[in-house]
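Undergrad: Whenever a hint applies, use it, and build me the whole structure from the sequences.
Residue numbers (the numbering used here), protein chains in the order written: chain A, 1 to 238; chain B, 239 to 439.
Check each hint, because a few of them may be wrong.
Claimed, not checked - The list that follows gives simulated cross-link-like pairs (lysine-lysine, DSS-like), each with its CA atoms no further than 27 angstroms apart:
#1 K352(B) with K57(A)
#2 K75(A) with K57(A)
#3 K352(B) with K113(A)
#4 K342(B) with K92(A)
#5 K281(B) with K75(A)
Unchecked claim - In silico negatives: residues of chain A with every beta carbon more than 10 angstroms from chain B:
#6 F2
#7 K181
#8 Q204
#9 M222
#10 F231
Hints in this document: simulated from the structure, not taken from any laboratory. For every residue, glycine included, the Cβ atom is placed at its ideal position computed from N, Cα and C.
Single-letter residue listing:
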Amino acid sequence: MFDIFKHKVGDVVLPGDVFSFASLAQDSRMEKIICGPGLRRNGDEVLVCKSGVLRHKPANLFWVDSQQKRYVPAKGESVIGIVTAKTGDTFKVDVGGSEQASLSYLAFEGATKRNRPNVQVGDLVYAQFIIANKDMEPELVCIDSCGRANGMGVFGNDGLLFRVSLGLVRRLLVPRSEIVKDLEQLFPFEMVVGMNGRVWVRAQTTQQTLIVANLLESCENMTAEQRKLLFRRVADGC
Amino acid sequence: MSLMKLCVPGEKLCSAEDCIPGAGTYLRHGHIFASLAGYVLQKNEGEEPPVISVIKETEAQLLPDIGAIVTCKVTSINSRFAKVHILYVGSTPLKERFRGTIRKEDVRATEKDKVETYKSFRPGDIVLAKVLSLTRIYISLGDVQSNYLLTTAENELGVVVAHSEAGVQMVPISWCEMQCPRTHAKEFRKVARVQPEYLQA
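TA: Right, here's the structure in full:
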């Protein structure tokens with residue numbers, strides 16, 4: 001059962017590809033496989049739902065690594081949103097999805113009915129989804145389950161907000177990410193990465209901010225060597 | 239009782255001497271006029287003059303009353319309530335779809351504040367509920383919107399038929415979970431307990 005999958009790890013798969021186990025002998029079917037994003041079980045088969053590269057993590061996890069620019073809200077993800085409106089007790093926040101998310105003004109650290117948070121239309125907020133599904137309006141909060149801000153809330157007096165693809169965002173958020181380590185060698189900067197494909201950076205001067213933004217945008221389609229070469233050229237140039 | 243003909247509002251039906259105006263009619267200048275569009279019905283009651291009335295449908299409409307068990311379909315959900323369309327009252331289908339609301343507090347009898355609407359209902363589910371009350375909102379003269387307040391806070395009430403995200407009808411496995419037979423994924427719903435007389439042994 002594993003072999004059918006392992007054969008294809010690292011290959012490009014397309015939606016509609018089927019991994020069928022009906023032809024196997026009865027006793028070799030008893031292995032447990034965890035289907036990650038992009039794979040779906042359909043009775044005795046596993047169907048591919050997204051186009052991309054099939055990946056494997058030891059033990060038994062398989063998933064499809066796909067490229068996407070359009071963000072779909074999912075519960076628990078931290079995103080950068082832009083406040084678009086204040087309606088009654090909630091703010092309407094644009095997160096780049098199909099509808100705007102709502103953010104209650106009580107969902108900030110230390111906010112009470114009398115002590116309202118200082119949030120204006122046009123501000124950037126780093127928040128987490130508590131409700132995000134296809135049937136309801138998504139809801140954000142700027143506190144964690146203990147009631148602490150934990151880095152979330154309004155930010156970004158200066159700096160630059162730009163969009164990248166979701167694949168690049170996932171690569172940036174990996175612990176000890178290669179791209180971030182290489183960038184740190186260049187000059188000090190602050191960065192906020194939202195899982196909706198939005199990144200905010202701020203460096204000491206405007207020029208450095210723009211350089212960092214351009215480098216991040218160009219990291220999308222480069223291999224590791226090309227990236228290191230480019231960063232070295234920039235470091236020499238400054 | 240004899241069905242005469244169709245009429246529209248404002249049509250003169252007969253003179254005031256022949257009949258007594260009934261429902262859907264009014265008396266003006268010694269004549270009876272229709273105020274509704276529908277069938278003209280003349281009821282002969284023996285010695286008294288016949289009563290003439292206008293009715294919309296040939297059969298009387300069955301309205302859900304308080305305490306009745308209704309079958310409804312969820313149309314949209316919200317973090318505070320779920321909106322439904324009432325399809326059947328008891329076992330009789332309704333010709334018109336009445337609107338109903340199931341509030342978050344009325345979904346379960348226990349742990350009312352921990353209810354999540356997304357884990358109880360989804361749009362498209364068929365739900366058995368009981369009528370709590372009816373509110374009529376008069377938008378303008380002649381335009382009334384009725385909204386029924388429903389509850390599922392009993393073991394026998396709740397989701398009866400639900401489809402999974404794969405589109406297949408799910409099988410209930412407990413009072414709060416249903417499973418899709420094809421993808422084997424479990425989803426949360428507030429499931430109605432099947433009545434013993436409907437179970438086929």
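Undergrad: Each hint should be assessed against the structure and marked as holding or not.
TA: Quick rundown of the hints versus the structure:
1. K352(B) with K57(A): Since the Cα atoms of K352(B) and K57(A) sit roughly 36 angstroms apart, the hinted pair is violated (cutoff 27 angstroms).
2. K75(A) with K57(A): holds, 23 angstroms
3. K352(B) with K113(A): holds, 22 angstroms
4. K342(B) with K92(A): holds, 23 angstroms
5. K281(B) with K75(A): violated, 64 angstroms
6. F2: holds, 19 angstroms
7. K181: At about 39 angstroms from chain B, K181(A) clears the 10 angstroms cut-off, so the statement holds.
8. Q204: holds, 44 angstroms
9. M222: holds, 37 angstroms
10. F231: Its Cβ never comes within 10 angstroms of chain B, the nearest being 43 angstroms, so this holds.
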